[in-house]
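Asks: In case you want the letters, here they are:
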Amino acid sequence: MSETLHINWTRCDGRGLCTELLPAVLGRDDWGYPVIRHPGNGDGTNAAIGPDDARAARDAVKLCPKLALSLQAWAEIQ
Amino acid sequence: MTHMTSQMPVPAQHLVPSGNNRLFAAGSRATLACHEQAYGPLPLHGIDGNFVGVLEQSGLTGRGGAAFASWRKFSATGQGRRGALLQGRPVVIANGAEGEPLSFKDKTLLIHAPHLVLDGLLVAARSVSASSLYVYTTAVAMPAVEAAIAERLDARRIQVIEAPETFVSGQASAVVNAIGGGNALPLDNRRRLSESGLKGRPTLVLNVETLAHVALIARYGAHWFRSAGSDRDPGTRLVSVSGRGADQILEVAGDEGLGSVLAHAGIDLPGVQAVLVGGYHGRWVKPLDYRLTPSGQAGQSVRPGAGVLHVLSTGQCGLEATAWIVEYLAGQSAKQCGPCMFGLPAMSKVLAAIAGGDRDPQLVGELERLGNLVARRGACHHPDGTLQLIHSALEIFAEDVRAHLTGNCTRMSGRPS
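If you read the sequences in order, they're chains A and B.
Residue numbering for the first sequence follows the working numbering, beginning at 7 and increasing consecutively.
Residue numbering for the second sequence follows the working numbering, beginning at 176 and increasing consecutively.
Extracted from the complex, chain B is given alone in its bound form:
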């Protein structure tokens, strides 16, 4: 991280962050003064419904996992409002729940650059004419967000709501449910949140990192945003790197090579067996010549999801690591939808049997049969995300599956730490 220390007034163009250090350019635990010194003032008065066009040019995609085009979400919320007369004004929610255990980039961003997220929230609210603004985050980041709100007059109407520390608490409809006074559990998805979300109002739920990028696009424009990353994946993204004792947050260019990101994190590449990309709903990959982007071709690129990169060492057993994660995920089912409530524990049991050395040759077939029962049968992505992880493990650790079924696995436990 770089910290600007000059006290001299500098022309606006000199404030523009260059390279990949964009989101933390105001330094650690940035106060409003540091924030404004690093980025200049927020041109909020110039923001209106046309900002969605700037967002479209920027090519920004959501950084919370799904990588949906941000401008489409903005646009849908605006249209949802026009569609019905009695709907009320839109709601914008900054989602910092970050229920993914291996992800810590959103907490880090809220603690060190809260003003950038607040700026993005104000810009989003103004561009869709929202009247209610929320920041939804876990206890650890709340003091920093509340302190940042207290520092500025334009953020007084932003409400901060605490998110529980559960895996599904950040799912968009769970966020709306929690802020509406219910539990942080996903809702049936028949109606889109952009049409009918919080209290029936059009609702825009955006990841906090996405909003931080929105704040920078509002200041420096789409062209600047695209000056990092590639044409198909412009801008930068935060990644949470873990495993092999290297827990850290990095800001990397879009479309970066996986190996180069890990090397940059100081990880000894020959010691890497495989990498879990995208978190517990992500996939295992090896070798490391993949591009980290949501928009490439399968086989050459891997979707970063919420930016989780977890390294499995050569000596660790990937099946055991996956079995442990799936057991956790089964326990994190909201237990609302039957196929998830019963199917995930059933799959977890079979996977644990394979990982634990049960040599029944039917086990892999049973896992696939259960997977077909779970797929696409839930209100949220939890069962499908879990299936994706299991499928990738069976593919990437195919040799280990054979070793287990013949009693020959010699690796150590791969439980994520």
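Only chain A is shown next, with the shape it has when bound in the complex:
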């Protein structure tokens, strides 16, 4: 099942851990905050996570020092 990684911008501090765990999904902007590399429908807040990245995405959610990430089933945000 396809999932999305939701970035809670009010919590994110740009520590960059997620961008190291998910280099194909997330880059960093001028100030260090994660940038979704291939945003679907221009959505800069919810990144599509394919099966290959599912495990790394779970790690990112668990390890984010600001607890700024969450995973949702794709249907939830439609």
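Take these hints with a grain of salt, some might be off.
[Unchecked claim] Here are the simulated BS3-like pairs of lysine-lysine, each with C-alpha atoms no more than 27 Å apart in a straight line: (1) A:K72 / B:K374; (2) A:K68 / B:K510; (3) A:K72 / B:K510.
[Claimed, not checked] Stretch by stretch, here's where chain A covers chain B in the computed footprint (C-beta under 8 Å, at least three residues): (4) 351-365; (5) 506-513; (6) 547-560.
[What the hints assert, rightly or not] If you want the ones that stay clear, here's a sample from chain B, every Cβ over 12 Å from chain A, calculated: (7) E211; (8) R264; (9) A314; (10) D406; (11) S435; (12) S470; (13) A473.
Because the hints were derived from the structure by calculation, they are not lab data.
Owing to the predicted nature of the structure, the values given are computational and were not obtained by experimental measurement.
Ideal Cβ placement from N, Cα and C applies to all residues, glycine included.
With chain A held as given, fit chain B onto it using these hints.
Replies: Just chain B now, with coordinates in the frame of chain A:
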């Protein structure tokens, strides 16, 4: 404004406001007596969950900026309640924060027609079976609202909460945050307020003008509401007109022509260079043959947002005006979300450089690059609204951008007054 002075009892059908003077038909600073004389009694006992169907027929859209179909919001709040067992009864909030500096229609409405807003709040609460009711507004309108509540028995359970005078204080999740005891700052939007808002309860946040229309629809019905405006944009809306010394509130029909609204406001049209429509998160437009409606086609119509119309005179520099607004907006970032906290000041700096006469040809490209970093990366609409304003300025004032980059701008400062 018209004021009904007849003391004779009149049949209910004669109380129905006609034309576009709907919201202020009870006159200025209307007391409960004036209000009931102008509009008749509120048929609150007849309101239940079926009112959402009447709202759908009316076609009312939110007057706070987003123009979302009001019946959908009501309906979602009702469903949110059914969705979970332990959620508690819904909350309805009348949002009169009006953080937009060029908007003053909500304050004016609360000061002059507070009972209409209270009526709408009671109707909304009854239709979604809400148990908690709030009016959220700034200090200037609080005395009028509190006096109106004290005048009537059915409004005693309404609580009035003061909104701070900040740009983002009226954003729906910021409203919920503030009433819940936190700061008036937006929250992450993963869960909808209609499902989980104030204290986890389904929460309906409606602009005060929207509620005033709800009060009239509850009295006179959907068909009456649609007798003003057009099929795609029924009813009336309040607009705050400013610039060229013409600050005023007008109630205009939906889908009205922009030029005709300005002419009605007494503005000399040949002296108008462009109009900022929708406020600081809105867009600059010219010429004036646009329809003012949230539901038309781009290029022929412009979204009114919260109804702000700010006029830029032919002699003023639109880039300087925009640079000043963007500097203000950057300062109003809640500083919760990095891309907004850092991106808006960065964009403001580049725009100020263009407006100030820096001739570096890379500046426009840099503004676009920063815009792409800011877009859709925040908990609220603040960064995207700011981007919309900047994009419209670059488009509408394209000639001025060229003049600035070649050192040829001859206009005066366009700072909004």
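Asks: If you test the structure against every hint from before, which numbers come out violated?
Replies: Every hint satisfied by this model.
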